[in-house]
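Colleague: Using the sequences provided together with the hints, build the complete structure.
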Amino acid sequence: MPNVIVRELRKQYGDVVAARGVSFEIERGEIFGLLGPNGSGKTTTLECIIGLREPDHGEIEVAGIDARRDPRSVKRHIGAVLQTTSLQDKITPREALALFASFYDDASRPGDLLQRFALLDKADVTFDSLSGGQRQRLALALAFVSRPELVFLDEPTTGLDPQSRRELHADIVRMRADGHTVLLTTHYIDEAEQLCDRIAIIDRGQIIASGAPRDLIAGSTMYQSVSLVTERVLDAAALDGIPGIEDLAFDGTRTTFRTPSVSRTLAAVLQRLDARGIAVTDLSVRKATLEDVFIRLTGSSVD
Amino acid sequence: MRASLQHLGVSLKLHYRNKMALIYGYLFPLIFLLAFWVLYRYESVPLVRHMGELLTVSVLGGACFGLPTTMVSERERGVWRRYRLAPVSTAALVSSTVAARYVILITAGLLQLAVALAAGMPLPRHPAELFAAFAFVSFAFIGVGLVMAMMADNVPAVQALGQCIFLPMLIIGGVAVPLASLPDWAQHVSMFFPGRYAVDTLQACVNGAGIAGVRFNLLALFIIGAGGCIAAAKMFRWDSQQRFSRRSSKGWVTVALAAWVLVGVMAEYRGRVATQRATPAPPGPVAATPPPARTTPPPTVATTAPTLSPEETRALSTSPSPPPREAPPRVNAPPETKPSANAAPQLPHPVKSSWQEVTTDDIDRDLIFDRLPADGGIVTPIAPADEDPDPEVADHVDYIRQMLPSWQPGKAADPVQRVRNLLYVAAVPDVQQAQIERFAPHVVYERLQEDIPKDQLIKILYWIALHPTDGDDSAVDQVWALRFTSGAIDMQQVRDRAAIYAVKLLGRLLGKIPEG
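Here the protein sequences line up with chains A and B, keeping their order. At position 141 of the first sequence the residue is numbered 141 (the numbering used here), and the sequence of numbers has no breaks. At position 483 of the second sequence the residue is numbered 483 (the numbering used here), and the sequence of numbers has no breaks.
Note that these hints are calculated values from the structure, not bench results.
FRET-style restraints, in silico, Cβ to Cβ:
1) B:R17 - A:H169: 33 to 39 Å
2) B:P156 - A:V285: 57 to 63 Å
3) B:L27 - A:L120: 34 to 40 Å
4) B:W185 - A:D105: 56 to 62 Å
5) B:V155 - A:T289: 44 to 50 Å
6) B:A135 - A:R7: 49 to 55 Å
7) B:V155 - A:S227: 48 to 54 Å
Where a beta carbon is used, it is the ideal one built from N, C-alpha and C, also for glycine.
Modeller: Given below as structure tokens:
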């Protein structure tokens with residue numbers, strides 16, 4: 001049975017529709033990613049699920065509980081890292097964990113969480129002296145105070161340095177190993193591809209594709225990227241009329257394009273260049289990535 | 001409960017780690033106390049008449065600035081949003097926030113009280129009732145602070161809103177400026193502000209009759225506090241993205257305002273506009289500020305055996321070296337005399353039984369004229385003879401000049417009582433800090449010289465200076481006929497000031513003080 005069920009979720013702010021009929025399910029023990037550009041409705045969807053926002057319409061079930069009817073019960077089963085949460089400047093990690101632990105009947109011990117999230121040596125320093133990575137680890141520790149069955153992470157790695165990001169990725173993978181269900185929103189495609197068992201691509205408040213990353217990529221294998229370097233600079237006329245070339249671009253002597261039929265198109269290109277006496281000095285073909293899928297589906301870059 | 005207690009503890013810890021919060025919460029109230037101490041340095045017992053104002057300022061600052069600043073700042077940072085993810089009720093978290101604020105307020109109040117005691121103020125007459133009154137005052141202002149926290153979208157907005165409440169309350173709300181010195185319209189406006197009720201209630205517990213006499217004030221404070229709490233609960237918001245202007249619940253702010261209006265209307269209906277405070281608790285004789293003195297070395301005490309109220313006697317006897325303030329002029333006395341509640345000091349010369357027996361030697365021996373409060377100061381001011389008052393004040397001066405000959409208390413059969421009554425015409429506006437205070441003494445002086453032969457006037461002024469607590473003070477109730485603000489007034493202060501004016505006018509009469 002799915003651990004999270006969202007059906008026909010709608011949320012509107014004035015004239016802006018942030019979520020229009022969002023539906024998906026998350027299985028127990030999987031990492032599910034909501035991938036989309038800024039303003040696509042990821043955060044609104046997540047905040048409706050965890051009870052921070054009241055949806056205009058739709059059904060939400062979390063851990064078998066109707067989240068709209070009984071949000072307080074849902075809160076006993078979840079932990080969350082919000083996109084904009086901060087704490088008071090002068091609170092220490094130990095105090096923050098003790099405070100949040102007092103909110104739950106069965107809470108983790110602050111000392112255990114400090115150890116698990118590598119904060120023992122920072123346990124008694126104030127929040128304003130923690131680094132960005134340490135703050136995010138503390139936010140994760142706070143999410144785990146409640147011994148949650150489900151963990152909701154809203155763009156948890158945004159703004160982190162590469163090292164902190166790698167450490168956080170390791171933490172998220174460990175959550176799955178420990179049996180937690182994770183909903184992760186992100187606009188980093190590589191993060192979604194690397195961490196998530198399944199993803200849903202959301203754009204303008206709608207889910208436009210969902211599935212395992214490899215399945216989404218496989219569904220668009222007809223498109224492969226070709227990059228070639230020539231001894232002379234080319235122009236569009238040089239490759240004019242060759243079928244299957246899309247997204248043609250020139251950068252000095254480097255020419256790139258995407259094609260659904262790499263063998264046929266590449267053969268035609270090489271034949272044309274040879275006929276014109278233009279030598280190719282480098283050639284590479286790359287299969288489609290999640291980013292290609294994303295760009296094809298949304299028509300825009302995520303960053 | 002566990003969550004509330006833990007949150008209370010964390011809130012207090014965070015407050016005491018915040019230097020700015022400590023400055024605003026504890027240092028500022030002490031600065032106010034110091035300012036009041038300096039401002040009212042001529043009063044016989046330091047600060048006792050102003051603890052209501054001082055404690056109110058502390059609560060006002062802590063509840064209407066400190067509380068909403070903390071809440072809005074935490075909301076802006078997303079702390080309250082994070083709390084909302086936990087299965088803990090809003091009421092539990094807000095209650096612990098309010099409880100923490102109350103602890104902060106009461107510690108600030110206790111600190112103020114301790115410093116005031118160290119400065120020579122006697123213990124409050126009704127300490128237990130003072131705690132109860134403080135709770136009511138805190139409740140009222142915390143209600144106001146919670147409404148502000150819900151209205152303000154960010155911390156600068158808290159500061160702006162706070163100033164909108166703080167400054168009017170200080171100036172025309174009866175908190176920092178004596179109501180008696182305000183025009184009628186301001187006194188009416190003050191009835192709609194909680195500050196007035198707060199000051200009166202606290203003051204009644206410090207040196208008045210306790211809370212039994214200020215039940216209406218307690219009701220007013222409760223109504224204002226309850227209105228604020230209800231409105232804030234209905235307008236509560238976790239998230240800084242929920243802007244006040246876009247909230248459908250913003251109309252609840254009218255409930256908080258309605259509470260203020262209701263209280264004001266009730267007060268108007270009950271005719272409570274006249275100033276009520278600062279009347280020391282009856283019964284019994286009031287303390288006298290000993291009249292002007294002349295000696296330099298020895299400790300100076302009253303020679304007229306004034307009967308002191310217990311706390312003022314205690315204050316005097318336990319503070320032989322009062323804080324560095326300009327002592328009011330005092331009568332010469334032998335070094336060995338000490339004030340006592342049981343025994344009057346021994347005089348070095350025979351006690352005169354009547355003002356007619358006063359001699360020039362008595363005056364020369366007992367009074368000095370070069371240590372009087374300055375004419376340009378706050379206490380017993382007298383304008384230079386060549387200074388023209390503002391037109392409005394000049395009209396009032398002329399009116400008094402015309403009315404004084406027919407003013408009933410100014411025609412008392414007993415010449416001493418008559419002079420005493422006329423001196424009250426100068427003393428009352430001085431205590432009220434009315435605009436005319438610097439010019440009234442001139443009119444009184446003219447009238448005295450017209451009405452009383454000089455040789456008699458010299459003796460009578462000396463007599464009044466040495467006997468400030470004698471005689472009848474009902475004339476003060478009739479100053480309304482001279483277009484002074486009516487209402488209750490601190491009679492002890494009026495008598496003190498009348499005694500000082502007696503010496504100042506006597507000095508002029510004898511040529512010891514220049515007329516100009």
